[in-house]
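Chemist: Sequence:
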Amino acid sequence: MKKYLVDFKEGFLISLRAIRANKMRAILTTLGIIIGIVAVTTMSTAIVGLRQAFLESISSIGSDVLYVDKFEWFGGKDWRFYRNRKNITWEQYEFLRDNLSEYDAMAPVARTFGRTIEYEERNTQTTVVYGTIDEYIKISSAVPDEGRFINDMDLRSNKRVIVIGSDIKEAL
Numbered sequence: 001m002k003k004y005l006v007d008f009k010e011g012f013l014i015s016l017r018a019i020r021a022n023k024m025r026a027i028l029t030t031l032g033i034i035i036g037i038v039a040v041t042t043m044s045t046a047i048v049g050l051r052q053a054f055l056e057s058i059s060s061i062g063s064d065v066l067y068v069d070k071f072e073w074f075g076g077k078d079w080r081f082y083r084n085r086k087n088i089t090w091e092q093y094e095f096l097r098d099n100l101s102e103y104d105a106m107a108p109v110a111r112t113f114g115r116t117i118e119y120e121e122r123n124t125q126t127t128v129v130y131g132t133i134d135e136y137i138k139i140s141s142a143v144p145d146e147g148r149f150i151n152d153m154d155l156r157s158n159k160r161v162i163v164i165g166s167d168i169k170e171a172l
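Read in order, the letters of the sequence shown are residues 1 to 172 in our numbering.
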């Protein structure tokens with residue numbers, strides 16, 4: 001045991017002499033180690049943060065919701081890359097509705113961009129207009145401030161019903 005302590009002491013003294021003889025090398029080596037540790041720690045923290053942000057963005061649309069769309073949902077390529085894909089048809093929606101069994105609600109959504117909504121003498125340019133059915137309220141986070149959402153009676157009687165957001169309400 002005493003031999004190991006002597007060897008350790010001798011190695012320690014040799015390393016101290018080497019550090020004193022090569023101060024710049026010692027400083028640069030220490031700096032490199034510190035930079036490496038900081039870089040690894042920073043990257044690890046960034047990865048954890050990105051993972052958390054991704055999980056939060058997924059959970060905002062619902063962890064038990066499946067979206068089928070012709071456009072990509074998260075980032076990626078330019079939307080023009082996907083515009084030539086075929087739209088999902090009403091028949092495809094009916095096929096899914098009739099052949100899938102383990103779901104609480106299913107709602108097709110058709111959307112169009114940049115439409116004008118008119119009421120009496122006033123109008124407003126909108127960004128997006130959605131066409132959907134009564135079950136949409138079950139799968140979205142949209143909740144009317146006033147009134148009600150469309151219902152099955154509206155659909156069966158082919159009523160012309162619109163649900164508008166607060167910005168459009170104020171504009172009209």
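Quick caveat, the hints were computed from the structure, so don't treat them as lab data.
C-beta: ideal position from N, C-alpha, C; glycine also.
Treat the hints loosely; a few may be bogus.
[Said to hold, decoys possible] The following label-pair restraints were derived from C-beta to C-beta distances: (1) Ser166 - Lys77: 30 to 38 Å; (2) Ser57 - Asn87: 48 to 56 Å; (3) Ser166 - Ala53: 37 to 45 Å; (4) Tyr67 - Gly147: 23 to 31 Å; (5) Tyr103 - Val161: 32 to 40 Å; (6) Ala110 - Asp145: 33 to 41 Å; (7) Phe54 - Ala171: 18 to 26 Å; (8) Arg111 - Lys159: 53 to 61 Å; (9) Ala110 - Asp167: 14 to 22 Å; (10) Leu100 - Ser57: 41 to 49 Å; (11) Thr41 - Arg97: 47 to 55 Å.
[Stated by the list, open to error] List time: in silico EDC-like cross-link candidates among lysine to aspartate or glutamate, alpha-carbon distance up to 16 Å: (12) Lys86 - Glu72; (13) Lys86 - Asp98; (14) Lys169 - Asp134; (15) Lys169 - Glu118; (16) Lys138 - Asp104; (17) Lys138 - Glu102; (18) Lys169 - Glu146; (19) Lys169 - Glu121; (20) Lys138 - Asp152; (21) Lys169 - Glu120; (22) Lys159 - Asp134.
Chemist: Quickly compare the C-alpha distance for lysine 86 and glutamate 72 to 16 Å and report which way the hint goes.
Modeler: holds (13 Å)
Chemist: Look at the Cβ atoms of phenylalanine 54 and alanine 171 and judge whether their distance stays inside 18 to 26 Å.
Modeler: violated (35 Å)
Chemist: Just to be careful, I want the Cα atoms of lysine 138 and aspartate 104 compared with a cutoff of 16 Å; is the pair within it?
Modeler: holds (8 Å)
Chemist: Is lysine 169 within 16 Å of glutamate 121, Cα to Cα?
Modeler: holds (14 Å)
Chemist: Measuring from beta carbon to beta carbon, are threonine 41 and arginine 97 in 47 to 55 Å?
Modeler: Cβ of threonine 41 to Cβ of arginine 97: about 50 Å, so the range 47 to 55 Å holds.
Chemist: Hint check: lysine 169 vs aspartate 134, CA-CA at most 16 Å. Holds or violated?
Modeler: violated (21 Å)
Chemist: Is the Cα-Cα distance between lysine 169 and glutamate 146 16 Å or less?
Modeler: holds (11 Å)
Chemist: Given the hint that lysine 169 pairs with glutamate 118, does the C-alpha gap stay at or below 16 Å?
Modeler: OK: lysine 169 and glutamate 118 at ~11 Å, within 16 Å.
Chemist: Taking 14 to 22 Å as the hint, is the beta-carbon distance of alanine 110 and aspartate 167 inside that range?
Modeler: At roughly 21 Å between Cβ atoms, aspartate 167 and alanine 110 fall inside 14 to 22 Å, so the hint holds.
Chemist: Determine whether the Cβ-Cβ distance between leucine 100 and serine 57 falls within the hinted range of 41 to 49 Å.
Modeler: violated (25 Å)
Chemist: So if I understand the rule, the pair passes when the alpha-carbon distance is 16 Å or less; does lysine 86 with aspartate 98 pass?
Modeler: violated (21 Å)
Chemist: Is the hinted range of 53 to 61 Å satisfied by the C-beta distance from arginine 111 to lysine 159?
Modeler: This hint is violated: roughly 20 Å between Cβ atoms.
When held up to the earlier numbered hints, the structure conflicts with 2, 3, 5, 6, 7, 8, 10, 13, 14 and fits the remainder.
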